[in-house]
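Chemist: Single-letter residue listing:
2 protein chains.
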Amino acid sequence: MSAVSFQLLAQDGSTAARRGQLATAHGDVQTPAFMPVGTVATVKGVDVPDVQATGAEIILGNTYHLALRPGTDILEEFGGLHEFMGWPGPILTDSGGFQIFSLAKIVKITDEGAKFRSHIDGALLDLTPERAVQIQASLGSDIAMVLDHVIRLPNTPAGIREAVERTILWAGRAREAHRQYAKPHQAQFGIVQGGLDPVVRIECAERLQEFGFDGYAIGGLSVGETPEQMYFILRETASVLPEHRPRYLMGVGQPWDLLEAISQGVDMFDCVLPTRNGRNALAYTDAGPVRLRNKCHERDQQPLDAECPCPACQHSRGYLRHLFMADEMLGPILLTVHNLTYYQRLMREARSAIEVGDFQAFHQSKLATWNLQ
Amino acid sequence: MSAVSFQLLAQDGSTAARRGQLATAHGDVQTPAFMPVGTVATVKGVDVPDVQATGAEIILGNTYHLALRPGTDILEEFGGLHEFMGWPGPILTDSGGFQIFSLAKIVKITDEGAKFRSHIDGALLDLTPERAVQIQASLGSDIAMVLDHVIRLPNTPAGIREAVERTILWAGRAREAHRQYAKPHQAQFGIVQGGLDPVVRIECAERLQEFGFDGYAIGGLSVGETPEQMYFILRETASVLPEHRPRYLMGVGQPWDLLEAISQGVDMFDCVLPTRNGRNALAYTDAGPVRLRNKCHERDQQPLDAECPCPACQHSRGYLRHLFMADEMLGPILLTVHNLTYYQRLMREARSAIEVGDFQAFHQSKLATWNLQ
Chain A
184 MSAVSFQLLA
194 QDGSTAARRG
204 QLATAHGDVQ
214 TPAFMPVGTV
224 ATVKGVDVPD
234 VQATGAEIIL
244 GNTYHLALRP
254 GTDILEEFGG
264 LHEFMGWPGP
274 ILTDSGGFQI
284 FSLAKIVKIT
294 DEGAKFRSHI
304 DGALLDLTPE
314 RAVQIQASLG
324 SDIAMVLDHV
334 IRLPNTPAGI
344 REAVERTILW
354 AGRAREAHRQ
364 YAKPHQAQFG
374 IVQGGLDPVV
384 RIECAERLQE
394 FGFDGYAIGG
404 LSVGETPEQM
414 YFILRETASV
424 LPEHRPRYLM
434 GVGQPWDLLE
444 AISQGVDMFD
454 CVLPTRNGRN
464 ALAYTDAGPV
474 RLRNKCHERD
484 QQPLDAECPC
494 PACQHSRGYL
504 RHLFMADEML
514 GPILLTVHNL
524 TYYQRLMREA
534 RSAIEVGDFQ
544 AFHQSKLATW
554 NLQ
Chain B
184 MSAVSFQLLA
194 QDGSTAARRG
204 QLATAHGDVQ
214 TPAFMPVGTV
224 ATVKGVDVPD
234 VQATGAEIIL
244 GNTYHLALRP
254 GTDILEEFGG
264 LHEFMGWPGP
274 ILTDSGGFQI
284 FSLAKIVKIT
294 DEGAKFRSHI
304 DGALLDLTPE
314 RAVQIQASLG
324 SDIAMVLDHV
334 IRLPNTPAGI
344 REAVERTILW
354 AGRAREAHRQ
364 YAKPHQAQFG
374 IVQGGLDPVV
384 RIECAERLQE
394 FGFDGYAIGG
404 LSVGETPEQM
414 YFILRETASV
424 LPEHRPRYLM
434 GVGQPWDLLE
444 AISQGVDMFD
454 CVLPTRNGRN
464 ALAYTDAGPV
474 RLRNKCHERD
484 QQPLDAECPC
494 PACQHSRGYL
504 RHLFMADEML
514 GPILLTVHNL
524 TYYQRLMREA
534 RSAIEVGDFQ
544 AFHQSKLATW
554 NLQ
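Order-wise, the sequence lines are chains A and B.
Heads up: the first sequence runs through residues 184 to 556, numbered per the working numbering.
Heads up: the second sequence runs through residues 184 to 556, numbered per the working numbering.
Treat the hints with care, since some could be wrong.
Since the list can't tell identical chains apart, any single copy or any two copies may satisfy a pair.
[To be verified] Below 20 Å or equal to it, Euclidean Cα-Cα: the simulated SDA-like pairs (lysine to any residue) are: (1) K478 x T255; (2) K478 x E259; (3) K549 x H302; (4) K366 x E259; (5) K288 x A186; (6) K478 x P425; (7) K478 x D304; (8) K291 x Y414; (9) K298 x H248; (10) K478 x R252; (11) K227 x G501; (12) K366 x C479; (13) K227 x R462; (14) K478 x Q194; (15) K549 x Q437; (16) K227 x W439; (17) K288 x R462; (18) K478 x D256; (19) K478 x L191; (20) K227 x A186; (21) K549 x R344; (22) K478 x I303; (23) K291 x Q485; (24) K288 x A199.
Calculated directly from the structure, the hints in this document are not laboratory data.
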């Protein structure tokens, strides 16, 4: 029996898009769902009630960062990540794999695990599939991810093969460790790797299913490939994942990437773009991204989006620009909230479109309004 | 007729403390009142509804900063500072004098005005009493301050005398300019200078009253003198200010300074301490200031103050400390809101104590609970 249950509520007629509901011990999540990134027990610059007000039902925590700060002993003492940060809803935690490969200085990777140095103080640490399960048990997240071997793209066939074999080996051990160490309410998702090779992706997806995970993620994308390459792999991979388990595309992406993935049947997303871009004065709107530092906004008394209910849109573009030009922290705060609100509104619209079987038209209309080059 | 009206609602029996109400075109202010500092059209890190939720009824804007960024032309185009930043309540603006003397590089001060270089780009600028009135008319604040000559303390008798004579000269010209340029809803306050010399302070206070200002500020304190020196000058000066006009102590101070000043009959305050200290992990509580970076808070699951209704106190001290140790902006945001809430709660308690004629006992009990060394 799975610690989370996933129910398909509707299927789009025109695409592979699905409308579902994920039930966890900390509440339900309507899918397709976007998870704001709360790296180190906070969505940067936004307190819990304000994250909830954006419409977010589930957030992501980064195991690598949390294990370094505040550390698992503190998190356990506080009763887990939910209690520590005061987020009452569902939490998904990654395994730390992606951060080890992107932030830390890798010392050595073997079938046993990864040895690396902390990006904070250079301390020598290691992470194994079992340890990643144990750390996430301390965090008490609702969904724990397996440790996978992430590689840079493009890569050689041999490099991709090695990473996939290790990912599958680690997935089996993680599944075993999960049975032993996980909290009763914790689900575990496997992660499909395989670079840009559709055959390897499909093989990986099929072999992972033998372990019977509660959900399946597509990892190792949005790491340098073109959108076309990503969309191709997405299509090939999503279609071989089990229908009645949630599908999660990791670390992706732009609003248009999300809609493409939803049309391929993906249910869950996380990405730093809305928050990171918000801190850098880039706002998402239905007319496409707006760079608020641009001089053209200096005297603009209109809000970013008159229809948006977020606190940033209670202000003018001119005021928001002023905050960034004066290096005032309220600028990053407000645009973070705006972008998260935009992503959640987009997911809500997508869910409605799927419910009425009209996702393809919705997708096309959004691409037109965004007016992307 | 004054653009603002000030009504004394109660006098404390045990001290010179007063309970009043200041009525402005943008709403009423209960006094004694603390004004959060919104330097450059934002209380740093806190959006308007969250500033209101702390209990603040009036905020302060800094004319010097606003004139540099976004500039008076933009502010006028937006309809003034209230509209630009979205603060619907009363606003008091300083004259820019203090910032010129503390931030800018002074080129020359004459009876005509001050020549200085912008601390942002080094541009050569000047400010006269008339120009300070005009800029504040563009800002449209409810209370405008006159340009005064601020000096460092300690200073020579000749230095103090020169600054006071210039402050009085400028006050007269500012009063004249106010009649000519100010918005109909704008009041104007004079500023008493005179260093640490009580005779000069009293003379300055009395000569300023000949101009018939709508309120009177005590300036040039908290610039390096001891608390005892400040309290002495405060006592000497407040007692010669007109009873039926609001009295404003500029740029002061710690919670205990506020209570001392209230006991001497001061009605209004502004200070960067609650916001600046909040950004630096220092929290005000009834048990005295708490430095949240201290290791002792690492595993503390209690809130800063169980009685405090602010968002920070929905979290544990351990979590707040973690935010600062991880350099997360939510730490400064939450402590800023907490400290502002603390100051507003203190003012509310002070007002209640005055209403029942018990301010002295309240003052003593607060000093005891703060446990200051």
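Chemist: Could you place K227 and G501 in one of the four classes (within, between, both, neither) given a Cα distance threshold of 20 Å?
Modeler: between (24 Å within a copy, 18 Å between copies)
Chemist: Under a CA distance limit of 20 Å, which applies to K288 and R462: within one copy, between copies, both, or neither?
Modeler: So K288 and R462 fail the 20 Å test inside a copy (26 Å) and across (32 Å) alike.
Chemist: Tell me, please, which holds for K549 and H302 at an alpha-carbon limit of 20 Å: within, between, both or neither?
Modeler: neither (39 Å within a copy, 46 Å between copies)
Chemist: At most 20 Å between C-alpha atoms: does K478 with Q194 qualify within a copy, between copies, both, or neither?
Modeler: neither (45 Å within a copy, 53 Å between copies)
Chemist: Between K478 and D256, at a C-alpha cutoff of 20 Å, which is it: within one copy, between copies, both, or neither?
Modeler: Answer is between; shortest inter-copy Cα gap is 15 Å, intra-copy 49 Å.
Chemist: With 20 Å as the alpha-carbon cut-off, assign the pair K549 and Q437 to within, between, both or neither.
Modeler: within (13 Å within a copy, 54 Å between copies)
Chemist: How would you label the pair K478, R252 (within, between, both, or neither) given a Cα cut-off of 20 Å?
Modeler: between (39 Å within a copy, 14 Å between copies)
Chemist: For the identical chains here, do K291 and Q485 meet the 20 Å Cα criterion within one copy, between copies, both, or neither?
Modeler: For K291 and Q485, neither the intra-copy (54 Å) nor the inter-copy (41 Å) Cα distance is at most 20 Å.
Chemist: Taking 20 Å as the upper bound on the Cα-Cα distance, should K291 and Y414 be classified as within, between, both, or neither?
Modeler: Classified as neither; 32 Å inside a copy, 65 Å across copies.
Chemist: At most 20 Å between alpha carbons: which applies to K478 and I303, within, between, both or neither?
Modeler: Between. Shortest inter-copy distance 18 Å satisfies the 20 Å Cα cut-off; intra-copy 37 Å does not.
Chemist: With identical chains, the pair K227 and W439 could be close in the same copy or across copies; at 20 Å between alpha carbons, which is it: within, between, both, or neither?
Modeler: So K227 and W439 fail the 20 Å test inside a copy (23 Å) and across (34 Å) alike.
Chemist: Is it within a copy, between copies, both, or neither that the alpha carbon of K478 lies no farther than 20 Å from that of T255?
Modeler: between (46 Å within a copy, 17 Å between copies)
Checked against the numbered hints given earlier, this structure breaks hints 3, 5, 6, 8, 12, 14, 16, 17, 19, 20, 21, 23, 24; the rest are met.
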